[in-house]
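Visitor: Sequence:
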Amino acid sequence: MGLLSKRDFRQRQIRALEKINQTVKQKEEKIISKYLFNSNEWVQSKVVGITLSQVHEFSTDALIQEAKKINKTIVIPRTYNDDERTMEFVRLDADTILEPKVFGILEPTNGIVYESDQIDLMLVPGVAFESRDGFRVGFGAGYYDRYLANFKGITMALAFEEQLFKLPEWKVNDFDVPIKIICSTGGLQYATD
1 MGLLSKRDFR QRQIRALEKI NQTVKQKEEK IISKYLFNSN EWVQSKVVGI
51 TLSQVHEFST DALIQEAKKI NKTIVIPRTY NDDERTMEFV RLDADTILEP
101 KVFGILEPTN GIVYESDQID LMLVPGVAFE SRDGFRVGFG AGYYDRYLAN
151 FKGITMALAF EEQLFKLPEW KVNDFDVPIK IICSTGGLQY ATD
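The numbering of the sequence shown is full-length UniProt numbering, which starts it at 1 and goes up by one.
I should point out that these hints are in silico values taken from the structure, not numbers from a laboratory.
Watch out, some of these pointers could steer you wrong.
What the hints assert, rightly or not - Derived CB-CB ranges, DEER-like:
| no. | residue 1 | residue 2 | range |
| --- | --- | --- | --- |
| 1 | G140 | K19 | 39 to 47 Å |
| 2 | K19 | E84 | 29 to 37 Å |
| 3 | I20 | G142 | 20 to 28 Å |
| 4 | I97 | L3 | 35 to 43 Å |
| 5 | D82 | N110 | 14 to 22 Å |
| 6 | D83 | N21 | 36 to 44 Å |
| 7 | A149 | T185 | 35 to 43 Å |
| 8 | L106 | D145 | 19 to 27 Å |
| 9 | N21 | E84 | 38 to 46 Å |
| 10 | E18 | L106 | 14 to 22 Å |
| 11 | E115 | N21 | 36 to 44 Å |
| 12 | R12 | K101 | 33 to 41 Å |
| 13 | L98 | E66 | 25 to 33 Å |
As the list claims (entries may be wrong) - Straight-line distance between alpha carbons at most 27 Å, and here's what the computed DSSO-like set of lysine-lysine pairs gives:
| no. | residue 1 | residue 2 |
| --- | --- | --- |
| 14 | K68 | K30 |
| 15 | K25 | K72 |
| 16 | K166 | K68 |
| 17 | K34 | K72 |
| 18 | K25 | K152 |
Cβ atoms here follow ideal geometry from the backbone N, Cα and C, with glycine treated the same way.
Generate coordinates for the entire structure from the input sequences, incorporating the hints supplied.
Guide: And the structure:
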């Protein structure tokens, strides 16, 4: 069987993620979060980039609460629907105003923008991750691939078992930017360079 187009693969993956039992999902999130919180990458980071999650994704609510509890700065993406599909990261504060944007994801309308070199750890969302080289399938708009092309910090994905693949079952493109670390119920997996 040949590789699927990203579009077809993405649709299949989203359906699979929507079928994950919520009790199992929450249990896996606790295990994965423990690995994240004990990782050197998390411990040493001061500024963490996080997307506000949707229902079928790894819930980032507890991560944000934990980060605030230990005085980390959280920055969240704000996208621009321009020709370039650009994205910037804005500090999440108590007075941050959030509105639904692309894919219904809540994004800040106000706040302090952080440059990419100010972000230590980027938790990158996606629907699938290839564990050897770190390739991912995102949600289809290309915002993260464009942003990560010039990002020098550490990239990490938090992945359920249903999202992990030893080899990509989708077509990898030249502009795809691999993730450096995948954190799953099996622990941390570092992609090869």
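Visitor: Confirm or reject each hint.
Guide: How the hints compare with the structure:
1. For G140 paired with K19, a C-beta distance near 20 Å fails the hint of 39 to 47 Å.
2. The hinted range of 29 to 37 Å is satisfied by K19 and E84, whose Cβ atoms lie roughly 35 Å apart.
3. Checked against the hint of 20 to 28 Å, the pair I20 and G142 passes, with Cβ atoms roughly 25 Å apart.
4. For I97 and L3, the Cβ-Cβ distance of about 42 Å falls inside the hinted range of 35 to 43 Å, so the restraint holds.
5. A hinted range of 14 to 22 Å for the beta carbons of D82 and N110 is consistent with their spacing of about 19 Å.
6. At about 41 Å, the CB distance of D83 to N21 agrees with the hint of 36 to 44 Å.
7. Between A149 and T185 the beta carbon distance is about 30 Å. The supplied range of 35 to 43 Å is therefore violated.
8. In this structure the hint that L106 and D145 lie 19 to 27 Å apart at CB holds, the actual value being about 21 Å.
9. Remark: the range hint 38 to 46 Å for N21 to E84 is upheld by a beta-carbon distance near 39 Å.
10. Restraint check, E18 to L106: a C-beta distance of roughly 19 Å satisfies the suggested window 14 to 22 Å.
11. Distance hint check: the CB atoms of E115 and N21 are about 40 Å apart, consistent with the given range 36 to 44 Å.
12. Range check, R12 to K101: Cβ separation about 25 Å, and the 33 to 41 Å hint is violated.
13. Separated by about 19 Å at the C-beta atoms, L98 and E66 break the suggested range of 25 to 33 Å.
14. Annotation: proposed proximity of K68 to K30 holds, straight-line Cα distance about 18 Å (limit 27 Å).
15. With a C-alpha separation of about 25 Å, the suggested pairing of K25 with K72 holds against the 27 Å cut-off.
16. For the hint pairing K166 with K68, the CA-to-CA distance comes to about 34 Å; that exceeds 27 Å, so the pair is violated.
17. With a C-alpha separation of about 17 Å, the suggested pairing of K34 with K72 holds against the 27 Å cut-off.
18. Only pairs whose Cα atoms come within 27 Å are accepted, and K25 paired with K152 is rejected, the gap being roughly 31 Å.
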